[in-house]
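S.K.: These are the residues of each chain, in order.
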Amino acid sequence: MTDTKAIPCSEAVRQLWDYLDHAISPEDQEKVEKHLSFCRRCCGELEFAKEMRAFLATSSAEEIPPHVRERLERFVEGL
Amino acid sequence: MRRSVTDMSEVGIRDRTKEDFQELVLVELPALYSLARRLVRDGAEDLVQEALLQAFRAFSTLKEEAAAGRWLKTILVNVFRDQLRKRSRTVDERPIGDLSDFSLYRTLVDEDPFPYSDTLHADFLQVFDSEDLREVLIRLPDIYRIPLVLRYIDGFATKEIARLMEAPLGTTLARLHRGRRLFEREMWAYAQEAGLLTKER
Numbered sequence: 000m001t002d003t004k005a006i007p008c009s010e011a012v013r014q015l016w017d018y019l020d021h022a023i024s025p026e027d028q029e030k031v032e033k034h035l036s037f038c039r040r041c042c043g044e045l046e047f048a049k050e051m052r053a054f055l056a057t058s059s060a061e062e063i064p065p066h067v068r069e070r071l072e073r074f075v076e077g078l
Numbered sequence: 000m001r002r003s004v005t006d007m008s009e010v011g012i013r014d015r016t017k018e019d020f021q022e023l024v025l026v027e028l029p030a031l032y033s034l035a036r037r038l039v040r041d042g043a044e045d046l047v048q049e050a051l052l053q054a055f056r057a058f059s060t061l062k063e064e065a066a067a068g069r070w071l072k073t074i075l076v077n078v079f080r081d082q083l084r085k086r087s088r089t090v091d092e093r094p095i096g097d098l099s100d101f102s103l104y105r106t107l108v109d110e111d112p113f114p115y116s117d118t119l120h121a122d123f124l125q126v127f128d129s130e131d132l133r134e135v136l137i138r139l140p141d142i143y144r145i146p147l148v149l150r151y152i153d154g155f156a157t158k159e160i161a162r163l164m165e166a167p168l169g170t171t172l173a174r175l176h177r178g179r180r181l182f183e184r185e186m187w188a189y190a191q192e193a194g195l196l197t198k199e200r
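Here the protein sequences line up with chains A and B, keeping their order. Position 64 of the first sequence, counting from 1, maps to 63 under numbering that gives the first Met the number 0, and the rest follow consecutively. Position 134 of the second sequence, counting from 1, maps to 133 under numbering that gives the first Met the number 0, and the rest follow consecutively.
Accuracy of the hints is not assured; some may be wrong.
Partial pick of chain B residues on the chain A-facing surface, computed with a CB cut under 7 Å [said to hold, decoys possible]: (1) Val-24; (2) Leu-28; (3) Ser-33; (4) Gln-48; (5) Leu-51; (6) Tyr-104; (7) Ala-121; (8) Leu-132; (9) Tyr-151; (10) Ile-152; (11) Arg-179.
Pair by pair, the computed Cβ-Cβ distance ranges are [to be verified]: (12) Ala-56(A) <-> Ala-188(B): 19 to 27 Å; (13) Glu-165(B) <-> Arg-40(A): 32 to 40 Å; (14) Ser-116(B) <-> Gly-77(A): 49 to 57 Å.
Treat the hints as calculated values from the structure; they're not laboratory data. Every residue gets a Cβ at the ideal spot worked out from N, C-alpha and C, and that includes glycine.
With the hints as constraints, model all of the structure from the sequences given.
M.R.: Printed below as a string of structure tokens:
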């Protein structure tokens, strides 16, 4: 039988990103889920963690300034 | 005749040419340059250039064309890691203060920077453009910034990051955890300093 003793908010928040990454054990996953089932504030933390991850994931490629592109393409041509 | 990058899967490893490499670079350059700019404050161009040189020399070892973007990024991270090692033999473990109590979510609720907003947390993220985000990232010590950027912006797996940084998995996980907290604290500090919370929205 797994130990599903309730965890405090500090512990749940500490594990939220790892929970979203599925990087914690199934037992800890269950504990976080149990905590989220009754803690509205931590559900807010979870939603914000999801928003933050989406924000970071969509910021991966910026525009490359033309002079930089030109210099690097010239470098590759000269290889 | 030039082959398009999409046709390159049909090209045998031995047949790859400089033109194929040029085609690849053309497609992948923005992502590669963006990664370099998140890793270094100055010298992103030089970092990309060195990575391209090494990638060209190793072009024949690229197994799958579909993985070319990740392959180039991995080479760039390796170059960056080696440069860091040359610069300093010690890991930058500057004290960063107690992060255990900081929650950006709660700080936003308590400080309520946008009193008329129904989507406070989403609105807070939206005030950061790509330059603001870079500024926040660049403020973080390397040991926290690198895993954070690779994991959550460039999508590397944690195990892969541990391998790239030649650090144990547990250490990498701990750095990711502290890095996230530190990143959120710096986001809040930067938003205040840069006047992002008082701009007309």
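S.K.: Against the structure, test the hints numbered earlier, and report the numbers of the ones violated in rising order.
M.R.: none
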